[in-house]
Amino acid sequence: MQVPWNFRFGIVILGDSSVGKSSLLHRYTEGTFDESRQSPLGIDFKVSNMYFDPDVVIKLLLWDTAGQERFRSICKSYMRNSVGCILMFDVSQRQTFDRVRSWQQEVLDYVKPNPMFFVLVGHKCDLAVGRQVRKSEGDALAKKLNMLAYLEVSTKENINVKETFETLTRGIYNLFQQGKIPTRGDWQGLTVGATVQKESPVTKKSACCNCG
Amino acid sequence: MALGGGVGGGDSNMGAVPEERRKRNGVELRELWRKAVLQQILLLRMERENQKLQASESDLQCRRLKLDYEEITPCLKDVTLVWERMLNATGRSKVMFETEEIHTAVGQGVPRQHRGEIWKFLSEQYLLRQEVPSAKPPNIDTPYKELLKQLTSQQHAILIDLGRTFPTHPYFSAQLGAGQLSLYNLLKAYSLLDPEVGYCQGLSFVAGVLLLHLCEEDAFHMLRFLMYDMGLRKQYRPDMIILQIQMYQLSRLLHDYHRELYTHLEQYEIGPSLYAAPWFLTAFASHFPLGFVARVFDMLFLQGSEVIFKVALSLLGSHKPLILQHENLESIVEFIKTTLPNLGLVQMEKTINQVSEMDISKQLQAYEVEYHVFQDELLDGPSTLSQSQRVAQLEKTNGSLRQQNLDLLEEVQVAHAKIRWLETRVDGLVNREVELQSEVKTLQQERTELQQTVSSLRDLLSSLGVNSPCPDQENLTNTSYNQ
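If you read the protein sequences in the order shown, they are chains A and B.
Just so you know, we're using my numbering here: the first sequence kicks off at 1 and counts up by one.
Just so you know, we're using my numbering here: the second sequence kicks off at 1001 and counts up by one.
Source of the hints: derived by calculation from the structure; they are not laboratory data.
Don't take each hint at face value.
To be verified - Straight line, CA to CA, 30 Å or less: simulated DSSO-like cross-link-like pairs of lysine-lysine:
1) B:LYS1094 - A:LYS162
2) A:LYS112 - A:LYS156
3) B:LYS1396 - A:LYS76
4) B:LYS1136 - B:LYS1188
5) B:LYS1396 - A:LYS112
6) A:LYS46 - B:LYS1337
7) A:LYS46 - A:LYS162
8) B:LYS1320 - A:LYS59
9) A:LYS156 - A:LYS143
10) A:LYS156 - B:LYS1337
11) B:LYS1320 - A:LYS46
12) B:LYS1320 - B:LYS1136
13) B:LYS1066 - B:LYS1077
14) B:LYS1337 - A:LYS59
15) A:LYS76 - B:LYS1094
16) B:LYS1066 - A:LYS76
17) A:LYS76 - B:LYS1234
18) B:LYS1094 - B:LYS1035
It should be emphasised that the depicted structure is a prediction, and the values quoted were computed from it without experimental measurement.
Taking the hints into account, I'd like the entire structure generated from these sequences.
As structure tokens, then:
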């Protein structure tokens, strides 16, 4: 049942309460839409493997969090062991967009000195009426905050769901290949697995590879 | 009337017969009018009755809907009778029943249709036994209806959780239906009663379970009881430190009671926060079948918040072999989160029965202290953290110490209150002793006086030539003969 993996990425999904974090994760891993998903009440997770490039398997540890502020203290240690973040807001709730910047700052402060890479997701883009944030605003903010991308997503209509996870994973993978993400023994955000078959351009310093 | 008048005015030349008929008509009309009025009154009355009937019927339907879950300890008839006797006792809220009797009855089962009332009864009994009242919010006396009139800052947080609380239960599933409205009212009123906690995710499930068994206002009082008197409220405070301590305590208890399982979970870095946070925050209501949750609540009303630990331990322990079969992070957590809640009826009953036999309060206390000690050591140890992180951590510790301080202060206050109570009790006892002593003295005096009287009477009798102080008939007759 266990698939061997070359890399393991920790990815955390953040954003205000009820912007649709759990629905997005559920759609991605289970392929179905469930409107009344209950809050994770702390932390929840799913595991999913992503295959790209010949012989590369990336195991994704996907952490789903409770949006209510007081749960932040419980979610923090999972943020620290992640390399990527899907930061979400609801395009029909302006205030959830306004809080994106402080969300990012808080995460960066917390995971320091480890890196964290973001994609920004404007959720519920299927809503024809009641939209309060324009696409151009999302694009601009993502660029300004140095994020990998901005995507407009609908879990309900299954728009850009797969793309969100792929964009983030691909982006992190490329940065890693360019040597821009150092691995540390005690950091589990990005781990190089034992079954790496290709020669990686980066010197292997992760826990499982330094035996040779 | 207008019609009669018009006829009378226009047709005066029509002769006697019509005249007579007209008269009869007038009488008849009055009669008819009266009849109509009476019938209208009757109709209105019937309609009212009908509405009442319909209301009570939908009430019944509603009740049936709310209590439509599988009972895990079916309550036998004679146990139901025991409950009914206790519930219907005169002046129930002032009568202390035998602890043994209550515990036995809860163990034997709680009939669904009386469950809400039994929870009220258990809370009354708890409060009667409580020597020192627990800390209460300053606005404790604000009536529920008054709280409902106010506005809460938690409105948004509460509203978004309405649709996510028991979303598949028929009573709560209708958007802004009766169930969701009651839930909103209850949570809003609580957030106003307790501004520090306000609203915290998870609370909606606790409130929901109460609403399935009690009317809104009673549910509010029971929520207040569970939060303040049974100690549930601390885990919902904004810093959530108590919840983290609880996670640590559970992990230590697993280490004590189910070492093999503990090691297995540790191997895959699975701490309780990955699966047990909802157990604590909803008292198992978010993931487990209602019949089981209702039993957990029975125990909660009987024993307080420690019950959650006991149920958790018992559940994990009884599933140990199955959990050990899973050998990676995701399948273990998946099993605990989705398979474990669907345990069979027998297993559920066993779990609950185990709970009533456990005592873990000493360990819980020890592990709470241990947690704080570890936190301190973590801070004192050599650190690779940057200055700003260290400052942030120190601030956090400071905050938690402050909170701890407040908690301790609260405990001190409670202890002081207890001392005061004991002191007044001692005073009372001393006074009573003095009273009793003086009573003894007077009684002794009375006794010596009486003894004196008796002996003087004896003397008198003997001087009269009677030997026995209690002469019988024969003696008397003898004496009279002698005379």
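Does the alpha-carbon distance linking B:LYS1066 and B:LYS1077 stay inside the 30 Å limit? 22 Å, holds
30 Å Cα cutoff - pair A:LYS156, B:LYS1337: 25 Å, holds
Does B:LYS1234 lie within 30 Å of A:LYS76 when you go C-alpha to C-alpha? 20 Å, holds
Given the hint that B:LYS1320 pairs with A:LYS46, does the C-alpha gap stay at or below 30 Å? At roughly 23 Å apart (the allowed maximum being 30 Å), A:LYS46 and B:LYS1320 satisfy the hint.
Does the alpha-carbon distance linking A:LYS46 and B:LYS1337 stay inside the 30 Å limit? 12 Å, holds
Restraint check for B:LYS1094 with B:LYS1035, where alpha carbons must lie at most 30 Å apart: 54 Å, violated
Pair hint outcome, A:LYS112 versus A:LYS156 [Cα-Cα no greater than 30 Å]: 35 Å, violated
For the pair supplied as a hint, B:LYS1094 and A:LYS162, confirm whether the alpha-carbon distance does not exceed 30 Å. 63 Å, violated
So if I understand the rule, the pair passes when the alpha-carbon distance is 30 Å or less; does B:LYS1337 with A:LYS59 pass? 21 Å, holds
Going straight from one Cα to the other, do B:LYS1396 and A:LYS112 come out at no more than 30 Å? 17 Å, holds
Are the Cα atoms of B:LYS1320 and A:LYS59 separated by 30 Å or less? Since the Cα atoms of B:LYS1320 and A:LYS59 sit roughly 28 Å apart, the hinted pair holds (cutoff 30 Å).
Quickly compare the C-alpha distance for A:LYS46 and A:LYS162 to 30 Å and report which way the hint goes. 15 Å, holds
Violation of the numbered hints given earlier is confined to hints 1, 2, 12, 15, 16 and 18; the remaining hints are satisfied by the structure.
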